[in-house]
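Since the structure of chain A is already known, use the hints to place chain B on it.
Listed in order, the protein sequences are those of chains A and B.
Following full-length UniProt numbering, the numbering of the first sequence begins with 1 at its first residue and continues without gaps.
Following full-length UniProt numbering, the numbering of the second sequence begins with 1 at its first residue and continues without gaps.
No lab work stands behind these hints: they were computed from the structure.
There could be a bad hint or two in this list.
Copies of the same chain are indistinguishable here, so a pair counts whether it falls within one copy or spans any two.
Said to hold, decoys possible - Below 30 Å or equal to it, Euclidean Cα-Cα: the simulated DSBU-like pairs (lysine-lysine) are: (1) Lys151 - Lys90; (2) Lys398 - Lys151; (3) Lys24 - Lys40; (4) Lys216 - Lys31; (5) Lys318 - Lys24.
Number of protein chains: 2
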Amino acid sequence: MRRSSTEEWMVPTRWYNIVPDLPKPLPPYLKPNGEPVAPKDFEMLFARELVRQEFSQERWISIPREVRDVYLIWRPTPLVRARRLEEALKTPARIYYKFEGVSPPGSHKPNTAVAQLYYVSREGVGRVTTETGAGQWGSSVAFAASLFGVKATVYMVRASYLQKPYRRVLMELWGAEVVPSPSDRTEAGRRFLSEDPNHPGSLGIAISEAVEDAVKNGAKYVLGSVLNHVLIHQTVIGLEALEQIRQFDDYPDYVVGACGGGSSFSGLFWPFYYEKKVGKAEKDVKFLAVEPKAVPTLTKGEYLYDFGDTAGLTPLIKMFTIGHDYKPPPIHAGGLRYHGCAPTLSLLVAEGEVGAVAYGQREVFEAAVLFARTEGVVPAPESAHAVKAAVELALAAKREGRPITILFNMSGHGLLDLAAYDEYLRGALPDVEPSAEALAKHIEKVRQLQAARP
Amino acid sequence: MRRSSTEEWMVPTRWYNIVPDLPKPLPPYLKPNGEPVAPKDFEMLFARELVRQEFSQERWISIPREVRDVYLIWRPTPLVRARRLEEALKTPARIYYKFEGVSPPGSHKPNTAVAQLYYVSREGVGRVTTETGAGQWGSSVAFAASLFGVKATVYMVRASYLQKPYRRVLMELWGAEVVPSPSDRTEAGRRFLSEDPNHPGSLGIAISEAVEDAVKNGAKYVLGSVLNHVLIHQTVIGLEALEQIRQFDDYPDYVVGACGGGSSFSGLFWPFYYEKKVGKAEKDVKFLAVEPKAVPTLTKGEYLYDFGDTAGLTPLIKMFTIGHDYKPPPIHAGGLRYHGCAPTLSLLVAEGEVGAVAYGQREVFEAAVLFARTEGVVPAPESAHAVKAAVELALAAKREGRPITILFNMSGHGLLDLAAYDEYLRGALPDVEPSAEALAKHIEKVRQLQAARP
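One chain only, chain A, in its complex shape:
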């Protein structure tokens, strides 16, 4: 026992895998030549057990004792009824949030970082590489690596490295090596540096560097979203929430989450989806993904095969995409600046089993400030998208006089994003949205890529 807790039983002992319960088989990852990617192709990059999970058709996967033991530092995370927010909105709806911000790095990301680093360490690998933008994922990897005695090299987008020193310090405090990207460590990095010695970097370039470093130097690469094994680890969120909302004698009509790559939202809704599938759900629960208007993958993208990264180094993934060369505007919700979406979530949106909605940056921060002033918790800018959607659902319930139940994922706190709140409070926060023409251009490129496949 690590944590004193009569709730310790509530922390799951197994993860849920949605793949066998999907309405259709998941389209395979493809190599550029059109062949499906085989597990062994992934083993060059990822720990073997993670590859096994990635291709697994098993519904339940045991959580190793060593991983659960770390979860117990902060899990179970609270499920809280937002009574003051309900009162402020004068809504008959009941609003609940699952708060993942109590983890040491402040978000849901360590749920998978801890699992990945455990498997990497168990397989005798001494170092991992990864990329990070604003630093949420990188700091979770640094945290998990420090606990399992593994070295971590984090390629951090240079613009963030220079502008957001606090997350860099957090990673260094946990013992990680943080390298501004592009760097002179890799061929990819040197190529971009030779073009521009002050290159600001991008997530796509940082991925390329992290992958190259891992493959060439016998390290493993770890990824923070999109892939099945990552989302599987996040289901501890929803499995706990199932137990917790029943303690309120309640059950959600809506399960809501912000969506970038899709991991925090999937972590919450998959277990509810499972109950619906097997007839255990107490209501006809609906699932709603929330994204920024600046990166409208699910609401304006198309369901196509596209690269997972900007440089086109990853396999092709069947997913909703607005094009791998789309450059997301610099909104503060850095974790939602992704051109694609998890293949599992994309399939469910394509099949109409999950809905999607997009909001602008200012209205999202407005909802976040309302939440902070009524409920006390400062939402991460990513999580604030879920707050906005929950508020809109609650206001609709009020108009219709329906006492519905809304559950959303507060995936992280915003204490390292206060500069963004400052900008909002000073009225200086812009709304940014791509034009229909720009989006069409990027998506058309993906269509051509698909047509050109052998």
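Same frame as chain A, now just chain B:
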């Protein structure tokens, strides 16, 4: 029910008041003329119920439902066994920490801010004033004020206002008005501004402004430490810890906490002190206060009547002090930069019932980094003092081969103090300590003050 939790029962329904259990009567607060301060003298400043609690001889004080309802946002806080730290130290000791950093403002301070703001709002007062240095207390007041619909004016030391914008933003996000001090709002502020238009301010000046503003404008003043009613509210920490450590089938030999004004440490140890007093303690538990060498109140100060503030506006308090005009060096543990100490804790140290130890800034950060890398949680610089003491106790236990149990208070997280960690990691953090001569000079002034009293 607000939080889904089988642990909800563990959140106390009453606070513990140590005053009737002290080994001697608490010396009264005195006016400058030597007369004891009466409750009605305090009612000008504080809510009536808080004054009643300040002078209360009752052991148990009921926690209002409305206050407990807010506690349930983040309480009970975790009690965690630090197994990885134990392993890293190769100690036979068992180390536990109570983690108060999961509150929305990130420290133990809202335990009393919520109570104080509730009573203020119930008495129909629409505004509170307070002072803040680095911003931990101010942000907790802003948080609590937003929940009870009370306006908050926070006088923030100008140097911090300029250098630490994030905590200012946090207070503004919760709707508080943050005024850099000295300001032109008060006579005291204008006096210091006329001396120096760019005056950096000090906590003493900010207190003077907050008090003057409250008294002149019909607001109430709220305070974050030292006084009995403040410490009483913090006992939720120790009352939970008593239940939680018993779930481990364990009981502490040592209860350890960092000490500035004394509120977080008292909140943890008072309930254990109570059990010892009434013969319910399972061991001969010892209590250890930890302070910075830069502000060695308990280890080098004297037990005298002194002012609580720098300007000499407060009543005289019998406490350990290094002199109200001692200027603490700018160490990063801003919450420990206080010349005095709670009168209850001072009495217990004077009576030998509580021990005290002081550490230097660098060794404290070294322990904090070890903790972050083994346990994952980033300690606030204040809490890091307790970490250092726990590590030293565990190493002594190793030398002596004694499997003792250590419980310490991790009173807050350090996510808004990463600049300090950066300084430490770069080797740029100084050790600062006052000379014996300097201390003697400040303490001598207090002795003269005492001698001069009518």
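Verification of the hints:
1. Proximity of lysine 151 and lysine 90 under a CA criterion of 30 Å is satisfied inter-copy only: 22 Å between copies versus 51 Å inside one chain copy.
2. Taking CA atoms no more than 30 Å apart as the test, lysine 398 paired with lysine 151 passes between copies only; the shortest distance there is 29 Å, against 52 Å inside one copy.
3. In this assembly of identical chains, lysine 24 and lysine 40 lie within 30 Å of each other by CA distance solely inside one copy; the values are 24 Å within and 74 Å between copies.
4. In the homo-oligomer, the alpha carbons of lysine 216 and lysine 31 lie at most 30 Å apart inside one protomer (20 Å), although the nearest pairing across protomers, at 75 Å, exceeds that limit.
5. With identical chains, the CA atoms of lysine 318 and lysine 24 are at most 30 Å apart within one copy only, with a shortest distance of 13 Å there and 75 Å across copies.
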